[in-house]
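Count the sequence shown with the working numbering and you get residues 12 to 175, in order.
It is worth saying that the hints were derived from the structure and are not from the lab.
Keep in mind that the hints are not guaranteed to be accurate.
[Claimed, not checked] When the alpha-carbon atoms are kept at most 16 Å apart in a straight line, the in silico EDC-like pairs for lysine to aspartate or glutamate are as follows:
1) Lys48 to Asp166
2) Lys48 to Asp102
3) Lys70 to Glu92
4) Lys159 to Glu89
5) Lys48 to Glu81
6) Lys48 to Glu62
7) Lys111 to Glu89
8) Lys48 to Asp101
9) Lys111 to Glu99
10) Lys48 to Glu136
11) Lys111 to Glu92
12) Lys48 to Glu30
13) Lys70 to Asp166
14) Lys156 to Glu89
15) Lys111 to Glu125
16) Lys111 to Asp101
[Claimed, not checked] Cβ pair distances, simulated, as ranges:
17) His175 to Glu125: 15 to 21 Å
18) Thr117 to Glu40: 18 to 24 Å
19) Asp76 to Gly104: 37 to 43 Å
20) Glu41 to Asn74: 38 to 44 Å
21) His88 to Glu40: 28 to 34 Å
22) Glu99 to Arg37: 32 to 38 Å
23) Gly44 to Glu125: 25 to 31 Å
24) Leu158 to Glu92: 37 to 43 Å
25) His82 to Ala160: 23 to 29 Å
26) Glu40 to Asp106: 24 to 30 Å
27) Asp102 to Asp76: 24 to 30 Å
28) Leu158 to Arg34: 20 to 26 Å
29) Arg16 to Glu127: 14 to 20 Å
30) His82 to Asp102: 30 to 36 Å
Even glycine gets a Cβ: it sits at the ideal position worked out from N, Cα and C.
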Amino acid sequence: MSEARDVVAVILEDHRTMEELLRRMRSVEEDRGAARKDFAALLIAHGEAEEAEVYPALKRFQNVDDEEIEHGEEEHHEGNEALLALLEVDDVGSDEWDEKLEELATAITHHIDEEERTILNGARENVPDERRAELGEVFLRDRAKHLKADCGSIDSVRAVVRAH
């Protein structure tokens, strides 16, 4: 099995990218607007693909905690709401930017930590390698579909927030 296609490895890679984008959004030396755009697209595509393809499949495995999966979905919604609040800030150098960015960072880092400790460890321990590889491919395909549809635009994020 190719490690890059294992759904757990792919999700972890996205998490590290999100953390790097959060760092870039905090830095006055970076293009904060560009980092926000990249972050918005990745966060929405990642969360939508997890909820559509990964979480339902994991619920079918014994010893993968369904309550943690449902909690993960709730945390996606909280992260999406915080993202929308940041997208609505015009001035990337303002106090409002800093405040909304920290709210987003808090929500996302909490979710990443919890998901990695519970859902992803459960998947590693209980889901066969072949199935994780299949899920990785399906996740990447669904995520790519969302990215191609400009899922990180403010209108798309609003629609995702309203839908949940």
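The hints, checked one at a time:
no. : hint                         : result
1   : Lys48 to Asp166              : holds (13 Å)
2   : Lys48 to Asp102              : holds (14 Å)
3   : Lys70 to Glu92               : violated (25 Å)
4   : Lys159 to Glu89              : violated (24 Å)
5   : Lys48 to Glu81               : violated (27 Å)
6   : Lys48 to Glu62               : violated (21 Å)
7   : Lys111 to Glu89              : holds (13 Å)
8   : Lys48 to Asp101              : holds (13 Å)
9   : Lys111 to Glu99              : holds (9 Å)
10  : Lys48 to Glu136              : violated (35 Å)
11  : Lys111 to Glu92              : holds (10 Å)
12  : Lys48 to Glu30               : holds (14 Å)
13  : Lys70 to Asp166              : violated (31 Å)
14  : Lys156 to Glu89              : violated (23 Å)
15  : Lys111 to Glu125             : violated (21 Å)
16  : Lys111 to Asp101             : holds (12 Å)
17  : His175 to Glu125: 15 to 21 Å : holds (18 Å)
18  : Thr117 to Glu40: 18 to 24 Å  : holds (23 Å)
19  : Asp76 to Gly104: 37 to 43 Å  : holds (42 Å)
20  : Glu41 to Asn74: 38 to 44 Å   : holds (42 Å)
21  : His88 to Glu40: 28 to 34 Å   : holds (32 Å)
22  : Glu99 to Arg37: 32 to 38 Å   : violated (18 Å)
23  : Gly44 to Glu125: 25 to 31 Å  : holds (29 Å)
24  : Leu158 to Glu92: 37 to 43 Å  : violated (21 Å)
25  : His82 to Ala160: 23 to 29 Å  : holds (27 Å)
26  : Glu40 to Asp106: 24 to 30 Å  : violated (19 Å)
27  : Asp102 to Asp76: 24 to 30 Å  : violated (42 Å)
28  : Leu158 to Arg34: 20 to 26 Å  : holds (21 Å)
29  : Arg16 to Glu127: 14 to 20 Å  : holds (19 Å)
30  : His82 to Asp102: 30 to 36 Å  : holds (34 Å)
This entry does not satisfy hints 3, 4, 5, 6, 10, 13, 14, 15, 22, 24, 26 and 27, going by the numbered hints stated previously.
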